[in-house]
Each structure stands twice: as C-alpha cells, then as structure tokens.
Amino acid sequence: MRIIDGHTHISPGRAALAVRVMDAVGIESAVVAQWPDGHLDRAIEDIARYKEFPGRFILFGNFDLAGIDQPGFADRTVAELRRAADAGMRGVKVYKALGLGARDASGELLRVDDERLDPIWAAAGELGLPVLFHTADPRAFWEPMDEHNPWHAVLLNQPDWSYYRRGLPGRDELLGERNRVILRHPGTNFIGPHLGSWEDDFETLAEMLEAMGNLFVDISARVTSFGPTDRRARAAQKLFADFPDRIIFGT
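The sequence shown maps to residues 1 to 251 in full-length UniProt numbering.
Hint data in this document are derived by calculation from the structure and do not stem from the laboratory.
Be aware that a few hints might be false.
Said to hold, decoys possible - Pairs of lysine to aspartate or glutamate residues, derived as EDC-like cross-links and limited to a Cα-Cα distance of at most 20 Å, are as follows:
1. Lys51 with Asp41
2. Lys96 with Asp160
3. Lys51 with Asp75
4. Lys96 with Glu143
5. Lys51 with Asp86
6. Lys96 with Glu28
7. Lys96 with Glu147
Stated by the list, open to error - Derived Cβ-Cβ restraints for the label pairs, each shown as a range:
8. Ala48 with Gly213: 18 to 26 Å
9. Arg103 with Lys51: 34 to 42 Å
10. Asp37 with Arg166: 19 to 27 Å
11. Ala87 with His9: 15 to 23 Å
12. Thr229 with Arg2: 27 to 35 Å
13. Arg103 with Lys238: 24 to 32 Å
A virtual CB, placed ideally from N, CA and C, is assigned to each residue, including glycine.
When you get a sec, could you build the whole thing from the sequences and use the hints?
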C-alpha cells in the first residue's frame, strides 16, 4: 500500500531523520507545509535541499501577506507562485494568521475572503496547486480556558491559541469567509487541515463537503475527534463512507 502523509512540518535539516522514521512506519512520501516565516523564496531553496531525497517530500509553500496594500501585490505574488511551481513546489499553504492576526498597513485585520487575494487563489488553480487553507480553530479556543474546556491542556501549553475575549472574529464567521473563497474559485482545490476546523460537528462538515466539490479535509492532529462518544464514532464512520476521496491522511 502506498501511504502519503498529507500534512507534516519537516525542515530540510531534519529530512534525513524524517526519512528514517517514514521508512520505519511505511510512509512513502510526505507533504511538507512550509513554516509561515519562509515564504516563496525560501520554498525554492528548500525544494533544492529536499532533492537529496527524491520522491519523499512534497512542498507546499506560503506567500507573504505583507504589502497587500501596495500596488501590484497580487501580480507579484502570482509571479512568485509561478516561479516556485516551476521549481517544483506542489501546493500553497495558508496559515490561520489570515483572519486572526495578519493586518494591513492601517492596522485593519485582514478578512479571510479579502478580494485582493482572489487573483492568487485563481492562479493556484490554474497552476494545479492545491491550497492547504488553515482557517480558525476548534470552537473551544473561543471559550474560557478552564477545566471544562476540552482543549484545556493544549491551551495551557499554547495560551496564544486562546481567542477568548480578545476581540477577534469567531470561528463560524471565519469559516463563512473561507467558504466564500472556496465557492468563488471552483477551479481551485482547497484542503481544510484539521478536519476543516469542524472536528466537533461531522454533520455540518458533511454538508460543506457536499456543497463544495473542491473542498477536501485532512485529519492531522484531530484523530481523537473520531471516537469520544458512540454517536461521534458513528458520525465519523459515515463521513468516511460518504466522502472516501475527500478526506486526506495527515499527521
């Protein structure tokens, strides 16, 4: 069986170690989501370094949102995408900072569905680059960080992931913006990591997959969401049965 890990973060300096681990557990290749400080020039450099391990790493690079206010931003970014794709980049990674942290020159928080990004999403589709599009987080990240929060232990270790009373858009608002982007660009494939941030409601996730044929999701860091209750386990089983070609394995 050919196994591809659809969501990893492996720096080139750890590639040899990663290959040993992949060989030990039977993973043929891995999608590497470039860290947010890299951007497309770094992606091209990393691709050259991964060539030491042919066929093992599939790089998804990310672009810089800084300068979105400047004339020619979209054209420059599209040109960078084309150059990176020519060098071997296979997809685009977008971090949750879009909608939760990235701001324009005036200090305004960028919306996920900012129309200034539309040429970039369209170009990704034309180039055959899927977009690994991380938007929002579990609903509990907007709830009090106490012992009743199911993500309590995680948020204690990563308190910056708590959006409780921070004046940021809510999860449903962010996912609505993301869905508008996906619907506006039917020629581009989008992957929602971490079950598309709907790990607590498989019925709604199924409705989204039904409505948007260009939306895929991966299961990275969300395996525990499949079986906390019998009802959830049955819903997860149905989700996999109904959308076997839309759910991607990822760690």
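A quick look at each hint next to the structure:
Taking the CA atoms of Lys51 and Asp41, the gap is about 16 Å. The hint holds against a cut of 20 Å. For the suggested pair Lys96 and Asp160, the alpha carbons sit about 13 Å apart, so the restraint of at most 20 Å is met. This hinted pair does not check out: Lys51 and Asp75 have alpha carbons roughly 29 Å apart, beyond 20 Å. Among the hinted pairs, Lys96 with Glu143 is consistent with the structure: their alpha-carbon atoms are about 18 Å apart, no more than 20 Å.
Pair hint Lys51 plus Asp86 holds up; C-alpha atoms about 14 Å apart against a cutoff of 20 Å. Restraint check for Lys96 and Glu28: not satisfied, since their Cα atoms lie roughly 28 Å apart, outside the 20 Å limit. Of the supplied pair hints, the one linking Lys96 and Glu147 is violated, its CA atoms being roughly 25 Å apart against a limit of 20 Å. One distance hint, 18 to 26 Å for the beta-carbon pair Ala48 and Gly213, is violated here, with the actual separation near 35 Å.
The supplied range of 34 to 42 Å is met by Arg103 and Lys51, whose beta-carbon atoms lie about 36 Å from each other. Taking 19 to 27 Å as the suggested C-beta distance range, the pair Asp37 and Arg166 conforms, at roughly 22 Å. Evaluation of the 15 to 23 Å hint for Ala87 and His9 yields a pass: the beta carbon distance comes to about 20 Å. Roughly 33 Å separates the CB atoms of Thr229 and Arg2, a value that falls within the hinted 27 to 35 Å.
Taking 24 to 32 Å as the suggested C-beta distance range, the pair Arg103 and Lys238 does not conform, at roughly 40 Å.
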